[in-house]
Amino acid sequence: MRLDQETIERIKQTAQVADVIGDYVSLKKKGANLWACCPFHGEKSPSFSVSPAKGIYKCFGCGKAGDSVRFIMDIEGLGYGEALRHLAKKYNIAIQESPQTDEQLQAQNARESLYIVLNFAKNYYQNNLFQHDEGQSIGYPYFKERGFSDKTIKAFELGYSLDIWDAFTKDALKNGYSIDVLEKAGLTIRKPEENKMFDRFRSRVIFPIHNVSGKTIAFGARILRADKNQPKYLNSPETEVYHKSNILYGIYQAKNAIRSKDVCYLVEGYTDVISLYQAGIENVVASSGTSLTLEQIRLIARFTQNITVLYDGDPAGIKASLRGMDMILEEGLNVKLVVFPQGEDPDSYVQKIGSDAFVQYISDHASDFITFKAELFLKEAGNDPFKRAELIKDMVGSISRIPDSIKRSVFFQKTASLMQIDEGLLITESNKLTLEKVKQKEKDAQRDNNRQRLQNDLPSGITLSTSTQSPSTFDDGMMSFSEEDSFGYEEFGGAPVTVLPTPEPTPLSSIVYATTLHEQECIRLLINHGTREVDPAVAPGITLMQYVLGEIDGLTFHTPIYQEMLMLCRQKFLEGTVADTQYFLSHPIAEIQSESINLVAEKHSVSEAWLSKHEIFVPTEVDKLADMAYTNVLRLKKAFNDDHLSSLMKQLTQTKDPEQQNILLMQFMQAKEVEKQIAKELGTVVVR
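All letters in the sequence shown, in the order written, are residues 0 to 687 by numbering that gives the first Met the number 0.
The set of hints was computed from the structure by calculation and includes no laboratory data.
As the structure is a computational prediction, the values presented were derived from the model and not from experiment.
Using N, Cα and C, we set each Cβ at its ideal position, and we do this for glycine too.
Hints are supplied without guarantee of correctness; some may be wrong.
As the list claims (entries may be wrong) - With a straight-line Cα cutoff of 27 Å, these simulated DSSO-like cross-link-like pairs (lysine-lysine) come out: (1) K63 <-> K43; (2) K260 <-> K351; (3) K169 <-> K63; (4) K260 <-> K335; (5) K231 <-> K169; (6) K121 <-> K173.
As the list claims (entries may be wrong) - What follows is a set of in silico ranges between Cβ atoms, one per label pair, in the way DEER data are often shown: (7) S362 <-> W164: 48 to 54 Å; (8) S244 <-> G575: 50 to 56 Å; (9) N122 <-> K227: 31 to 37 Å.
Model the full assembly from the supplied sequences, consistent with the hints where possible.
In C-alpha cells form, the structure reads like this:
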C-alpha cells in the first residue's frame, strides 16, 4: 500500500519541524531560528539551525538538511514511506493508502520488516509475562521482588521468554513471519546443517531496548536460575537496526526529563534505570554493561551538556570506567561523578533511602573529575613520588582533552592546589601533549598522502581501497541521484528522475565553473522569489518565474541537479501553477530537497535591533529583485555564449574544409556580437 498525496500533505503540515526535531535535540532560540549541536556529527558549538517559518533544518557544519520527514529518515534510518508512517502514528493521523504494485511490494524496506517482527516479539514476551502460567509464576514474581509496579513494567514493556527451545519461533512462523527475518532480527538461531532452529532467548526475563523514537530494536535477557554454563545476561546480536555502541538503555523514556532537568544520570544496568525511573528520577540511562562509546556520549549531548555518572562502590569497576570520562571531556560536556556506599548500587540505594534522599545524596556527593581522581588515587599513591607523578600526568592528560580554554585553566588551577604543584608546570606538560597530538596528526596525514601516491602509481583498475559509492549513482561533484531516490519519488506520485551514468571526473574549466554558479543563482532566485512580481511598477502581474523562464527558454543547464530543478519549474508552469519555495523544501527526492535548503537557508541575518533603527534603510533582495533577475539572465546568457565561442574556436582550429571554416567564422562573429551586447548591458569590458 502507498500513501495518497492528501495524507502526505496532512502529515507534513501537522509534523512541525521544531516539534519533531525537539524530541531528539535540545533547541535554543536565537533570532528567528532555533539552534542546537548537530545530531548527525560531533561538534562543540551549535551549527544546526531550525527554521520554523520555512519548516526546514540545516547544519552549516556537515551539510545535513531537510524538513521534518527528511529528519526522521536520517535520524532513524527509515525510507520515505516509513518516515511518513512514523510521523502519522506519532500525531495520530489516519492513513489513507492505495495499493502498491508487485515491484513496490518487493522493494519494501528490509528495515521496516525488522521493526515489525521485533515489535511482535516484544508483545509476545510481554503477553507471556502477564498471561502465560510460566510467566506469571516465574517472570512476574522476579520483577515484583525488584519492587517494580505494573505501571513501570508496562512503561518499559518488560516480558518473559518461555523455557521451551522454539516456542517463540513457532509462534512467529505461525503468524506469517519468515525464518530469514527472524534470523536477521537476532530472535532465532538457525543451524541448517542440523536442520534445527531455536529461540535465542529462553527461560529469561526480557528487557526490550528502544531507540530514541520508541521503536523496539533489540532485547536484553536475564536468566533466573543458577547455571554456570549460561551467561547471566544475554543480548541481541548486532543487526541492521541495532548497534549497541549507538544506543543507551532507557533513552526513549528519559529524553524529555533529561532535556527539562538539563542533566543526564548515567548508570550501568537495566534495573538501575527502571528503579530510578519508578522513584520519579526519570533523567537516567544505562550503557548496558558496555564501555561508554563516543556515539553514546553524542546521543546524550543532543539533550544536555551535563552528565553525572553514578557508580556503585566497586573500586575496580570505577577505575575501568574512567576512560569514558576522558571521552566525555573531549566532547566538551561537563561531567560529575558519584560513588555510593560499599555494597550499594543506584537500584538498591534508591529503594533503601527513597527518591528525595537519593537526589540529595547526589547533590552532596557529586565531584568534578579532578577531585574524584585525586580522592580515588591519592590514597594509593601515598608519599610515593613516582606514583604521584603518574597521577598528575594522568590528570593533565584528562584536562588537555577539554576543548574550552577557560575550563582547562580552571582545572589546572584546581589540580595545582590539590597536588601542591606549580600551575605553570602543568600547563607546560599539557602543551607537550598537545604538540605530540599535532605531530601524530601530521604523521597520519603524511601516511595518507603516501598511500595516495602509491595508489596513483598502480596500474589502472587496481585500487588500495574499496569505493563505497553505489555503481548506480550519479555524482557531479556537488549532488547525486540514485535509483533508490528515483523510486521513492515515483512511489509517492512524482515524475521519474533520470539516473545518469557516472562520468569520469575532470577538472572544471573557468567557463563551466562560471556557468554552474550562474545556474545556481538562477535556481536560487526561482526558489526564493518565483511567485513574486518581478517589477510591479513596470510589469504588474508578471512573476519572476514567468520572466526568467521566458528569457532562458531553450537553454539546457549543464549541472544535472539544476537542470532537474529547472525542468520541475517549467513543468509546473506549463500546468498553470508555480513551483514555490515550499514545493522544493518538501520535495521527496533528497538531493533536490537538500540543494533547495542550501539555496534558502541563511546562516546570518540582519538583527532585529538593527532593523528597529528606522533611520537606516537596509535593502533586501525583494527590493532589488528586478535588477538581480535581469543581471542573472544576462550572466547566464553570457556564460552560454562564452561556451559557444569556445566550442567554435576549437572547431575552427580542427577543420580543414574552407566552406566549413566560413560557416564557423560567420557563427563566431555573430557570437562575438552577442558578447559585445551583453557586455554593454552588464557594463563590463570585452577582452579581445
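Could you tell me which of the hints above the structure violates, numbers in ascending order?
Result: hint 3 breaks, nothing else.
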